[in-house]
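Input sequences plus hints: build the corresponding full structure.
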Amino acid sequence: MGLCLALVLWGCGTEKDKKSGVSVTGEIVEGSVETKEVLQPEIEEKKQEPFTMLFTGDIQMGSNITAAYDGAGLSGILSDELQQQMKNADITMVNEEFPFGTGGTKAPDKQFTFKTDPSYVKMFQETGVDIVSLANNHVLDFGQDVLSQTFETLDQAGIPYVGAGETLKRASACETIEVNGTKVGFLCASRVIPVVDWDVRNSQPGVFTTYDPQLLVEQIRKAEKENDLVVVYVHWGIEKAEVPEEYQKVLAHAYIDAGADLVIGSHPHVLQGIEYYKEVPIVYSLGNFMFNPTIERTAVLKVAVDENQKLSLKMIPAAASNSKTSELSGKEAQAVLNYMEQISFDVEIDENGVIVPAEQE
Numbered sequence: 003m004g005l006c007l008a009l010v011l012w013g014c015g016t017e018k019d020k021k022s023g024v025s026v027t028g029e030i031v032e033g034s035v036e037t038k039e040v041l042q043p044e045i046e047e048k049k050q051e052p053f054t055m056l057f058t059g060d061i062q063m064g065s066n067i068t069a070a071y072d073g074a075g076l077s078g079i080l081s082d083e084l085q086q087q088m089k090n091a092d093i094t095m096v097n098e099e100f101p102f103g104t105g106g107t108k109a110p111d112k113q114f115t116f117k118t119d120p121s122y123v124k125m126f127q128e129t130g131v132d133i134v135s136l137a138n139n140h141v142l143d144f145g146q147d148v149l150s151q152t153f154e155t156l157d158q159a160g161i162p163y164v165g166a167g168e169t170l171k172r173a174s175a176c177e178t179i180e181v182n183g184t185k186v187g188f189l190c191a192s193r194v195i196p197v198v199d200w201d202v203r204n205s206q207p208g209v210f211t212t213y214d215p216q217l218l219v220e221q222i223r224k225a226e227k228e229n230d231l232v233v234v235y236v237h238w239g240i241e242k243a244e245v246p247e248e249y250q251k252v253l254a255h256a257y258i259d260a261g262a263d264l265v266i267g268s269h270p271h272v273l274q275g276i277e278y279y280k281e282v283p284i285v286y287s288l289g290n291f292m293f294n295p296t297i298e299r300t301a302v303l304k305v306a307v308d309e310n311q312k313l314s315l316k317m318i319p320a321a322a323s324n325s326k327t328s329e330l331s332g333k334e335a336q337a338v339l340n341y342m343e344q345i346s347f348d349v350e351i352d353e354n355g356v357i358v359p360a361e362q363e
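Positions in the sequence shown are counted from 1; adding 2 to them yields this note's numbering.
No lab work stands behind these hints: they were computed from the structure.
Cβ coordinates follow ideal geometry from the N, Cα and C atoms, glycine included.
One thing to keep in mind: the hints can contain errors.
Here are the simulated DSS-like cross-link-like pairs (lysine-lysine), alpha carbons at most 30 Å apart as the crow flies [claimed, not checked]: (1) Lys251 - Lys49; (2) Lys227 - Lys316; (3) Lys49 - Lys185; (4) Lys185 - Lys171; (5) Lys185 - Lys108; (6) Lys124 - Lys171; (7) Lys112 - Lys89; (8) Lys224 - Lys171; (9) Lys333 - Lys316; (10) Lys242 - Lys280; (11) Lys49 - Lys242; (12) Lys89 - Lys49; (13) Lys108 - Lys224; (14) Lys112 - Lys251; (15) Lys185 - Lys124; (16) Lys312 - Lys280; (17) Lys242 - Lys112; (18) Lys224 - Lys242; (19) Lys227 - Lys171; (20) Lys304 - Lys124; (21) Lys185 - Lys224; (22) Lys242 - Lys185; (23) Lys312 - Lys227; (24) Lys333 - Lys89; (25) Lys89 - Lys304; (26) Lys224 - Lys280; (27) Lys49 - Lys224; (28) Lys171 - Lys316; (29) Lys108 - Lys171; (30) Lys304 - Lys224; (31) Lys112 - Lys185; (32) Lys224 - Lys251; (33) Lys49 - Lys124; (34) Lys112 - Lys171; (35) Lys124 - Lys112; (36) Lys49 - Lys333.
What follows is a list of derived Cβ distance ranges for each label pair [stated by the list, open to error]: (37) Ser323 - Lys112: 25 to 31 Å; (38) Ser121 - Val252: 39 to 45 Å; (39) Gln336 - Lys227: 38 to 44 Å; (40) Glu241 - Asn324: 20 to 26 Å.
So, in structure tokens, the structure goes:
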């Protein structure tokens, strides 16, 4: 009987004490059972803390922008307030609407073609840009060699890029940035390219496209499993159109159904409205940020992420004059906020630029 009891207790001794986190093992000592505690190493929980992300619209470092920068540095192209907003954000993301490179062959039958000397990547570094989208209709303006130079330039500058690559795998890859214990995955694709050969599926290097959204949807599902948050930045819509096309809404909803936590658009060169779908924000277009000498109105999107990974959105109104983009204030800022609320979809924007879904009656 004593031996049976000892054997029973021995068998139970390998179970983990779930309350104390202590494993108990047993040893038979001369017909009795002696127990001893084996302390398990404590697993330190990763603490997630709040952080901020900043998103701008299209940037094109044309001759007007580079000349202003050459003349006065960052102060020639950005107001002090916007410089600080970009530098202070934990993650700042922009749409690079041009390639970095020299030489190359200009794309035929294209009205506007852009290219910037690689030395000007320092403008991104000085403004605190952490990641860029290359998924647009201008990165191949001077051919594949110049696009490859763009990859090399950004790599050397330590700036990750998304949405284009030497292979389909690279172009469609998710870029993850971890901030304060939270992993944020970024995916980019274009619904606008001038010819099919720009699509990385057809010719490499190239642009990741979302005419057929299936692969991007699959990448979002994968990224959602590997990250705490997933941001999708997509090039789409009609230039100068302030109302998104129906297909933009269909795509945005599909991205969110797949696991996206934030969808941001570019390409129209003007602001488009904001929508919440299943409580997930969609900013259809942030317009131009640094582009033409004059930009009537634009905005920077500031996203605060709390310790529970809940997103809070704020719009910072801006405009450009003489190739310098500046944050607006007072009546000018309020006019942009009012306009954005007017063109959005069941969204309220207060006087501080805070964006929330409108209360449903």
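Indices of hints not satisfied (ascending): 1, 5, 7, 11, 13, 18, 22, 28, 31, 33, 36
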